[in-house]
Amino acid sequence: MSKTITVGPGYLGLALDDEGNIDDLLYGCREAFNNEGISKEWKVTSVAGRRFSPTLLLEKSKGVDYYELQFEKNKNFMNTKTWVANDDCIVKKVFKDVDLTRLANEKTPLGWTLNKATICAQKLKQHVGVYAGDDASYTLFAPMFDKVIKQYHSVNVKTNKAQPETYEKKTLPKLPEGAIVSTRIRTARNLADFPFTNNMTKNQRIQIESICKKVFDGFQDKRLKGTYYPMEGMTSEQRQELIDAHYLYINDDPTLELCGTYTDWPEGRGIFINNDRSDGVFIVWVGEEDQMRIMAMNNGSDVQAVWDLFYAGLEAVHKGVKKQKQDFAFKESHGYLSTCPTNLGTGMRASVHVNLPAFKTKNDLKKYVKDQDMKIDIRGTRGEATNTDGYTVYDVSNKERLGSDCYTQIKTMVDGVTALLRVK
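For the sequence shown, my numbering gives the first residue as 959, with consecutive numbering after it.
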């Protein structure tokens, strides 16, 4: 498949590799090219009738108003032998098991494609390796996503029946005291009918941010009232202060960068933090991997107090969203929809930072958890890829988010932490 379009001088906002493949769309040309259906799965083959070369494209920046560019559809991404991800990558295994050829050139109404969905597995070492770009991704590309979800969550979405949150009071099991440094609960939420963060235009990012700011302004609970800090215009001193407090996210993840999460950075991004933190810290990230990451945290092991703050905040955000005639993206088969299929379902991750001196390295701990078939996830205290050698405080959380409710998932984490603390 090929396509010819005429563009103005802004087309030099294309970031291309030496073969003419589009690595990124920069400056003002992103929306123009997206409107023509031109994105990363296309390559430039000629400029104004002349064969493409990087030098030629650079020459065209000088003194010429319009050019005719010839594009060709790049289908090489369907060949998993060219992918960087190894054979243990979940989406790569799915590609080998299922014939997805008929979906190679399909795209959702909001422009997400199979190539965009799998770009991270193509270019990087990955465990899961696939991202949705909107609600419709899970429908159009169901032959792929359903298999990925089954392998990760052990849940068949064709028979799964997820329940929306009721915001009723829950009494949780207690965590052991002493070894636990801090407790955190977070969830991912996206608004229905909007593209996900990795698939947005700049205007859509600003629109989501505007909706969120109105939500925050409407908080009535004194525990939740606070301040929104937009990243656009944030001083370097304020930014560093929020990073040092472990509140603010940054654009340092190669996977999120590759799949489009950081496009138009820092437009439409920010962080809301409550002012009265006597009951814990309540935070909402706007514009990270998902449109909203809603979380509560506190020092120590009082998971009930952290849950109460988190759940009150989640309900307040949901009410504020509905007040603006919006709603969270939700499907009975999948639960709350997220960019990464690992966060489908409740979207909730309940975690503690806990000192486990019996395990000298993160790999030792992960091996033990796997051998014991424990449904918990182990990370470093600064994220999934953190090297923890020589430091025995680990991040322990529930692994599964689909096919069970929040209570069950938190209990799984509590039971897992309790069992690990017994190991000598």
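Where hints are given, some of them may not hold.
Result set (DSSO-like, lysine-lysine): computed pairs, CA atoms no more than 27 Å apart in a straight line [to be verified]:
(1) Lys-1171 x Lys-1160
(2) Lys-1333 x Lys-1119
(3) Lys-1318 x Lys-1127
(4) Lys-1128 x Lys-1333
(5) Lys-1128 x Lys-1065
(6) Lys-1180 x Lys-1277
(7) Lys-1328 x Lys-1369
(8) Lys-1127 x Lys-1328
(9) Lys-1128 x Lys-1180
Label pairs and their calculated CB-CB ranges [what the hints assert, rightly or not]:
(10) Asp-1234 x Arg-1197: 36 to 46 Å
(11) Asn-1063 x Lys-1289: 35 to 45 Å
(12) Thr-1040 x His-1085: 30 to 40 Å
(13) Tyr-1125 x Tyr-1186: 19 to 29 Å
(14) Lys-1119 x Gln-1262: 26 to 36 Å
(15) Lys-1083 x Trp-1223: 15 to 25 Å
(16) Pro-1122 x Gly-1258: 25 to 35 Å
(17) Asp-1373 x Lys-1172: 18 to 28 Å
(18) Lys-1160 x Asp-1331: 37 to 47 Å
(19) Ala-1377 x Asp-1045: 42 to 52 Å
(20) Lys-1172 x Gln-1330: 39 to 49 Å
It is worth saying that the hints were derived from the structure and are not from the lab. Even glycine gets a Cβ: it sits at the ideal position worked out from N, Cα and C.
| query | Taking 27 Å as the top limit, are the C-alpha atoms of Lys-1328 and Lys-1369 close enough? | reply | Holds, because 18 Å separates the two Cα atoms, which is no more than 27 Å.
| said: Holds or violated: the 15 to 25 Å window for the beta-carbon distance between Lys-1083 and Trp-1223? | reply: Taking Cβ atoms as reference, Lys-1083 and Trp-1223 lie about 24 Å apart, which means the hint holds.
| said: Hint check: Lys-1128 vs Lys-1333, CA-CA at most 27 Å. Holds or violated? | reply: Cα-Cα ~21 Å, so holds.
| said: Verify the CB-CB distance for Asp-1373 and Lys-1172 against the hinted window 18 to 28 Å. | reply: violated, 40 Å
| task | Take a look at whether the Cβ-Cβ distance between Lys-1160 and Asp-1331 falls inside 37 to 47 Å. | result | Once the Cβ atoms are compared, 46 Å apart, the range 37 to 47 Å for Asp-1331 and Lys-1160 holds.
| message | Can you tell me whether the CB distance of Asn-1063 to Lys-1289 sits inside 35 to 45 Å? | response | violated, 25 Å
| query | Is Lys-1180 close enough to Lys-1277, meaning Cα to Cα at most 27 Å? | reply | holds, 16 Å
| Is Lys-1171 within 27 Å of Lys-1160, Cα to Cα? | Given pair Lys-1171, Lys-1160 holds - Cα atoms ~17 Å apart, limit 27 Å.
| query | Regarding the pair Lys-1128 and Lys-1180, is the alpha-carbon distance no greater than 27 Å? | reply | holds, 21 Å
| query | Do Thr-1040 and His-1085 keep their Cβ atoms within the hinted range of 30 to 40 Å? | reply | The hint (30 to 40 Å, Cβ to Cβ) is violated, given that Thr-1040 and His-1085 are roughly 19 Å apart.
| field | Given pair status - Lys-1065, Lys-1128, alpha carbons within 27 Å | value | With Cα atoms ~41 Å apart, Lys-1128 and Lys-1065 exceed 27 Å; violated.
| said: Lys-1333 and Lys-1119 were given as a pair; does the straight-line alpha-carbon distance stay at or below 27 Å? | reply: holds, 21 Å
Of the numbered hints given earlier, the model fails hints 3, 5, 8, 10, 11, 12, 17, 19; all others are met.
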